[in-house]
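Trainee: As a plain string of letters, each chain reads:
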Amino acid sequence: MTALTDDTLPVTPRAMRDEMIVFVVMALLLVAVPFSGIYPFFVMQALCFALLACAFNLLIGYGGLLSFGHAMFMGTAGYCSAHALKVWALPPELGILVGIVAAFGLSLITGFISIRRQGIYFSMITLALSQLLYFIYLQAPFTHGEDGIQGIPQGHMFGVLDLSKPTVLYYVVLVGFLAGFLLIYRIINSPFGEVLKSIRENEPRAISLGYRTDQYKFLAFVLSGTLAGFAGALKVFVAQNASLTDVHWTMSGEVVLMTLVGGLGTIFGPVVGAFAIIAMQQYLAGFGQWVTVIQGSIFVICVLTFRRGVVGEVAHYFRRSL
Amino acid sequence: MKKSIASLLLGTALAVTTAGAAFAQDKTVKIGALSDQSGLYADLGGPGSTLAAQMAVEDSGLAAKGWKIDIISGDHQNKPDIGTAIARQWFDVDKVDIIVDVPNSGVALAVNNVVKEKNGVYINSGAATSDLTNAQCSPNTVHWTYDTYMLAHTTGQALVKAGGDTWFFLTADYAFGAALERDTTAVITANGGKVVGGVKHPLNTPDFSSFLLQAQASKAKIIGLANAGGDTTNTIKQAAEFGIVKGGQKLAALLLFLTDVKAIGLETAQGLNFTETFYWDMNDQTRAFSKRFSEKMKNGAMPTMVQAGVYAGVRHYLKALDALGGNPHDGVKVVDKMKSMPTEDELFGKGEIQPNGRTIHNAYLFEVKKPSESKGPWDFYKLVGTVSGDQAFTPLSESKCALLKK
Amino acid sequence: MQALYAQLLVGLINGSFYALLSLGLAVIFGMLNIINFAHGALYMMGAFVAYFLLNLGGISYWWALLFAPIIVGIFGMILERTMLKFLTGLDHLYGLLLTFGIALIVQGVFQNFFGSSGLPYAIPDQLKGGMNLGFMFLPIYRGWVVIFSLVVCLATWFLIEKTRLGAYLRAATENPTLVRAFGINVPRMITLTYGLGVGLAALAGVLSAPINQVRPLMGADLIIVVFAVVVIGGMGSIMGSIITGFALGVIEGLTKYFYPEASNTVVFVLMVLVLLVKPTGLTGRAA
Amino acid sequence: MPETAMAEAPAKAATGGNILQVRNLEAWYGESHILHGINFEVNAGEVVTLLGRNGAGKTTTLKSIMGIIGKRAGSIKFNNQDIIRATSDKIARMGIAFCPEERGIFSSLDVRENLLLPPVVRPGGLPLEQIFDLFPNLKERLNSQGTKLSGGEQQMLAIARILRTGASFLMLDEPTEGLAPVIIQQIGHTIARLKKEGFTILLVEQNFRFASTVADRYYVVEHGKIIDGFSNAELAANMDKLHTYLGV
Amino acid sequence: MADEFILETEGLTKEFAGFFAVRDVALKVRRGSIHALIGPNGAGKTTCFNLLTKFLKPSAGKILYKGQDITSMAPADVARLGLVRSFQISAVFPHMTALENVRVALQRQHGSSFDFWRSKSVLNQFNDRARELLNDVGLSEFANTPAVEMAYGRKRALEIATTLALDPEMMLLDEPMAGMGHEDIDKIAALIKRISAKYTILMVEHNLSVVANLSDIITVLTRGQVLAQGHYSELTKDERVKEAYLGAGHA
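Protein chains in written order, with my numbering: chain A, 1 to 322; chain B, 1 to 406; chain C, 1 to 287; chain D, 1 to 248; chain E, 1 to 251.
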């Protein structure tokens with residue numbers, strides 16, 4: 001049995017340096033976006049999904065758990081942030097906080113239920129839970145059903161940053177993304193991350209060392225869900241709406257796709273994957289449902305020939321960990 | 001579809017070359033037809049709406065007056081995110097002036113905000129939500145064709161007056177269904193009818209048998225379907241299966257399009273009552289338009305009321321531009337001009353645009369013909385009654401639009 | 001009380017589809033160790049094939065019941081031979097991802113060509129009309145669906161539990177290597193099994209075509225409910241998935257009567273409850 | 001009959017009598033290299049036993065012959081046909097039958113189904129009456145679930161089911177493992193009788209006292225190689241050596 | 001006497017669908033001893049071992065560790081009490097270096113294992129101790145080698161070093177010499193002898209000779225039951241043991 005992440009490479013001492021270099025390059029590129037003429041809204045959207053994919057990857061790539069319902073955290077945080085901003089008229093920073101707290105609470109509950117089963121059962125359970133939540137949101141009054149929450153005020157962050165200005169908004173989203181990304185990087189390279197890795201590598205052995213592995217997986221689940229919520233809260237400012245799309249299971253599928261394309265268990269893979277998929281959706285929008293067909297084909301191609309994903313293949317070629 | 005891709009790509013290329021020229025000449029307009037191109041609403045809007053917009057441009061004769069009008073189309077895939085992203089990009093990059101169609105209330109409302117922010121023009125034809133001209137009304141928006149308020153007031157009123165005084169509702173359990181049920185109930189009670197019961201069903205229910213059994217048991221004369229799309233067609237089919245219509249109860253579909261009737265088939269749909277604001281076989285003018293339209297459609301489909309609304313809306317918009325004589329890029333100004341002119345076209349007849357953006361025109365109550373009465377592949381309806389625009393749509397006194405408080 | 005009987009019967013009808021679909025999933029899972037995410041898409045294909053047979057070939061519903069599962073089954077076998085086969089020895093999750101991709105492709109293609117709104121498929125003349133059972137008016141077609149799917153489920157059960165072919169199947173589920181070492185062409189059996197499971201899905205599709213519209217997305221949402229059914233029942237036994245399927249259909253039917261707002265969610269809520277009490281599902285073996 | 005260690009003298013093998021000829025067989029489990037060049041042969045009608053420690057590569061040798069190991073190299077000739085690239089179902093249909101160490105009784109099948117499971121690959125298999133004659137217990141328990149049998153009965157069932165397929169070359173992996181002496185005795189009698197019936201048997205055994213009652217020749221496997229070989233007659237003389245090899 | 005015997009079982013039984021893999025086993029492991037559990041293939045050694053380490057649930061019977069009933073405890077919790085097992089197939093974390101392998105074990109007692117906000121550089125405090133342990137098992141030069149790239153015998157040694165890192169009171173070794181050549185066996189045997197000065201060791205082995213000089217006491221298991229118990233010299237004289245090992249057949 002080959003596990004999902006067996007192709008990832010051992011961390012060599014030089015890896016940290018490589019990762020740092022790539023991170024700096026990535027950050028610089030992103031900082032330069034507003035001066036490049038690239039359409040910033042596209043990049044902002046991609047950044048939100050990249051963060052979501054990174055959070056998702058924390059669970060699958062480092063915890064070995066394939067959640068097929070990760071959109072529920074993004075959607076829940078989106079709805080709660082949107083509600084807080086629009087109805088309670090909270091300032092942006094508190095609105096984001098509300099979203100994160102909501103995703104945190106949801107991940108506690110869903111994690112408690114789903115972590116009891118592994119492998120495909122875990123995937124099916126997370127999928128079913130997200131579908132359950134979808135129907136709840138469809139009927140709950142505060143989400144406004146099909147209409148979604150619209151016209152969300154962007155407001156002034158910390159009272160000074162005017163988020164209705166695209167450039168300001170862009171840098172706020174970028175800072176949010178980089179903060180989230182670094183946090184995930186830290187989690188992976190923390191004492192906790194080390195245990196998580198050992199569980200992924202050889203769970204019976206980790207148990208025999210005295211680790212109650214379910215607790216670690218649970219924490220990974222909660223962290224992943226909460227961070228996915230952070231991505232969802234940020235996205236509210238970009239899209240200025242919160243809708244059912246974000247909690248539908250097709251969105252969860254897209255997150256899986258992004259991570260798979262970029263490379264499961266790689267640090268930068270989900271970012272690359274998110275940009276690739278969002279760009280594809282954006283520029284192939286005229287192709288209608290063929291976008292679905294293309295996405296499906298990418299899934300198939302990735303699974304059959306390209307299991308390491310883009311970044312994974314590159315890393316493998318250069319024998320580096322990225 | 002191919003056409004829209006080509007025009008999308010072409011449009012992007014053109015935008016670069018023509019953007020500079022636009023300011024000099026000021027008679028360049030770009031229309032974005034934003035619709036569901038392949039999903040649930042593709043048949044009632046979609047490529048047909050783009051075609052309708054093109055026909056409106058051709059029929060306007062503005063090209064002869066030195067105007068340069070381009071149309072690009074986009075697929076919002078029923079996702080508000082994608083809809084707003086496309087709309088934004090159209091305004092920011094492609095320099096689009098007006099967005100038309102946009103079925104799906106969620107996307108429609110989301111796009112509404114973008115258009116307002118960018119000061120464009122927004123002629124919505126495909127969305128049902130009456131919020132567009134109420135709580136979320138915008139000085140940049142005109143809502144053509146229909147809305148939930150109208151649907152409730154026409155069908156409900158007509159049926160109660162015809163003796164259908166006891167109702168049972170099958171309602172889609174979300175905002176749209178609730179609004180339809182609420183508004184229709186008000187009309188029924190106001191007209192002396194009574195709602196004897198109802199059941200809320202979840203969206204996208206494949207099986208309605210449980211709900212239909214309850215409707216059957218209620219013995220109500222009319223079973224009101226406050227749902228849409230696949231839910232409505234499924235309910236109607238399954239009602240036929242359970243012998244509900246044969247048992248003497250009547251179905252009232254509050255929202256039904258020509259393409260739905262086509263999908264259900266006359267055998268099953270016969271005798272259904274519902275309201276539309278346009279039908280191809282109304283008079284010589286509608287027939288002439290529809291014939292031209294259907295010849296250009298790849299499946300030969302007749303226009304739906306949504307597509308007709310796109311045509312009429314674009315025609316009126318171009319009339320306003322013609323009256324302004326140029327400078328089409330200030331959305332509020334153009335919409336104000338549109339509101340100041342009475343609407344009149346071959347499809348909807350005479351009407352007006354209210355200050356909240358609501359277009360007022362006649363609405364018609366139809367009944368689906370028996371298969372034996374149908375003379376052609378699209379010969380589906382017989383006219384039962386006409387409701388004048390001021391009766392059918394939200395009176396200004398009831399509108400919650402902030403624009404009215406000025 | 002009468003209304004309750006009616007709802008029970010109506011629930012059984014939905015249960016028929018759950019049972020047929022979860023049965024197919026269980027058969028496939030047993031042999032291939034794959035959760036077939038494409039199951040819903042293949043169910044939809046079954047309905048479409050029936051539609052084409054009728055409208056292009058003039059082939060009636062009755063023959064469609066036979067041909068559609070065979071055609072879709074062959075399509076499934078091609079999928080197995082060209083794609084799924086290469087996942088042997090990899091993590092189960094790859095199977096889930098691959099079949100998810102296949103589902104997207106199949107659904108997307110059908111959506112492109114046939115839109116989303118659906119095509120009508122008439123009830124065959126022999127099954128038109130209904131009968132008054134006293135407590136309800138039962139459309140004959142619906143009664144037929146329940147009886148026919150029960151027969152198919154039991155026949156499948158018999159095939160797997162009581163025949164020599166079934167013995168091969170069960171043995172190969174436990175230890176494919178050894179069965180192959182006895183001289184049985186296990187890869188071919190795996191292909192046929194996938195074809196069988198997929199054929200069951202297609203059969204359910206044909207059965208549902210006259211009740212529902214023939215729509216490209218008819219299986220997409222259904223499959224998630226069936227997943228929940230599978231989680232509740234576990235993948236333990238063939239009989240288990242049949243019984244769980246029918247039982248959940250009935251429970252869902254009752255919910256529609258007592259508290260319709262929850263009828264979309266009741267299966268998922270049940271799943272949560274079962275997981276909390278018995279994490280392995282009702283009849284399940286460990287994953 | 002070759003009586004010296006075959007590892008050193010492959011050329012000496014007479015091809016005529018060989019039913020099985022293994023040359024330079026290498027095998028891998030995933031990344032670990034288990035067999036490093038196995039050489040031996042089995043003549044028609046013989047009972048040959050592979051001896052060796054746990055993990056030496058005996059079972060892997062059988063599995064390699066059966067074609068159920070991931071990666072193999074070298075040559076395995078069965079009736080002069082190289083089967084190194086054949087799939088296991090093809091190999092089985094050539095007339096090789098395998099009884100695994102863990103017995104492989106299917107728990108979801110009853111005894112009758114287990115017994116009848118392997119398809120008949122060629123004529124000449126033992127008829128059922130004869131099998132029941134060999135293993136009377138099985139006949140009584142035909143309808144019980146396979147894994148409800150005792151360890152001894154399971155072993156008998158595992159042997160019984162490969163006798164009716166018509167395969168003439170049997171590979172038995174530790175048939176006495178974990179069994180009571182009286183059962184072991186019974187299995188010994190069975191093997192002796194099968195030999196008389198004309199079956200060729202390749203046996204893997206730890207219990208060489210048992211092996212000595214049935215085997216014609218022995219090979220000793222260590223580190224994935226054949227390091228020694230001798231006939232039954234030489235067993236006594238090789239006893240000390242064998243104790244070192246096997247660490248008993 | 002909880003003091004004298006660190007691990008005791010009473011009537012330990014495991015039944016698989018009618019088949020008794022382990023039946024009514026009473027075992028007493030003396031503190032500080034090397035206790036070997038041997039028997040021919042299929043005697044139930046590994047099942048017994050899995051019962052002791054809680055990876056299997058017994059059908060009947062009791063397990064006492066330091067006088068405490070651990071029969072229904074979770075495996076991780078048993079490990080926390082200082083009863084740590086090894087695996088038959090070498091159990092390492094393949095894509096982590098030898099040093100990291102050992103560190104993961106050292107980290108547990110430190111209590112920082114849920115700290116996801118700290119850098120893993122805090123784990124560097126364990127490096128010295130980890131190197132010491134690697135040194136003990138002769139792996140000092142492999143500290144930065146990923147485990148997957150190490151030879152089989154070294155993986156085994158690494159596994160022991162990782163186990164030692166937990167500072168257990170008792171170690172359960174499952175066929176520590178399985179699949180090894182003579183040279184490696186001697187090394188591991190010496191290692192076990194050395195560490196036995198501090199820990200109680202229960203090892204499962206297939207071969208008598210391997211444990212001959214190593215163990216203080218040997219329990220022989222056949223067909224799931226205890227056949228004999230005693231020192232090597234006593235057991236070699238026992239006819240029943242000979243028979244179990246060499247087989248019946250010859251009268």
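Hint data in this document are derived by calculation from the structure and do not stem from the laboratory. Some clues are possibly wrong.
Unchecked claim - Capping the alpha-carbon separation at 25 Å, the derived lysine-lysine pairs in DSS-like fashion look like this:
{"#": "1", "chain 1": "A", "residue 1": "K165", "chain 2": "B", "residue 2": "K118"}
{"#": "2", "chain 1": "B", "residue 1": "K337", "chain 2": "B", "residue 2": "K291"}
{"#": "3", "chain 1": "E", "residue 1": "K187", "chain 2": "D", "residue 2": "K225"}
{"#": "4", "chain 1": "E", "residue 1": "K57", "chain 2": "D", "residue 2": "K241"}
{"#": "5", "chain 1": "B", "residue 1": "K219", "chain 2": "C", "residue 2": "K162"}
{"#": "6", "chain 1": "D", "residue 1": "K148", "chain 2": "E", "residue 2": "K237"}
{"#": "7", "chain 1": "B", "residue 1": "K262", "chain 2": "B", "residue 2": "K382"}
{"#": "8", "chain 1": "B", "residue 1": "K370", "chain 2": "B", "residue 2": "K350"}
{"#": "9", "chain 1": "A", "residue 1": "K165", "chain 2": "B", "residue 2": "K116"}
{"#": "10", "chain 1": "B", "residue 1": "K118", "chain 2": "B", "residue 2": "K369"}
{"#": "11", "chain 1": "B", "residue 1": "K350", "chain 2": "A", "residue 2": "K86"}
{"#": "12", "chain 1": "B", "residue 1": "K369", "chain 2": "C", "residue 2": "K128"}
{"#": "13", "chain 1": "E", "residue 1": "K237", "chain 2": "D", "residue 2": "K241"}
Predicted, not measured: the structure shown is a model, and the values here were computed from it.
Trainee: Does each hint hold? Answer for all of them.
Mentor: Against the structure, the hints:
no. : hint              : verdict
1   : K165(A) x K118(B) : holds, 13 Å
2   : K337(B) x K291(B) : violated, 31 Å
3   : K187(E) x K225(D) : holds, 23 Å
4   : K57(E) x K241(D)  : violated, 42 Å
5   : K219(B) x K162(C) : violated, 50 Å
6   : K148(D) x K237(E) : violated, 36 Å
7   : K262(B) x K382(B) : holds, 15 Å
8   : K370(B) x K350(B) : violated, 31 Å
9   : K165(A) x K116(B) : holds, 15 Å
10  : K118(B) x K369(B) : violated, 46 Å
11  : K350(B) x K86(A)  : violated, 39 Å
12  : K369(B) x K128(C) : holds, 22 Å
13  : K237(E) x K241(D) : holds, 20 Å
Consistency note: the structure conflicts with the earlier hints numbered 2, 4, 5, 6, 8, 10 and 11.
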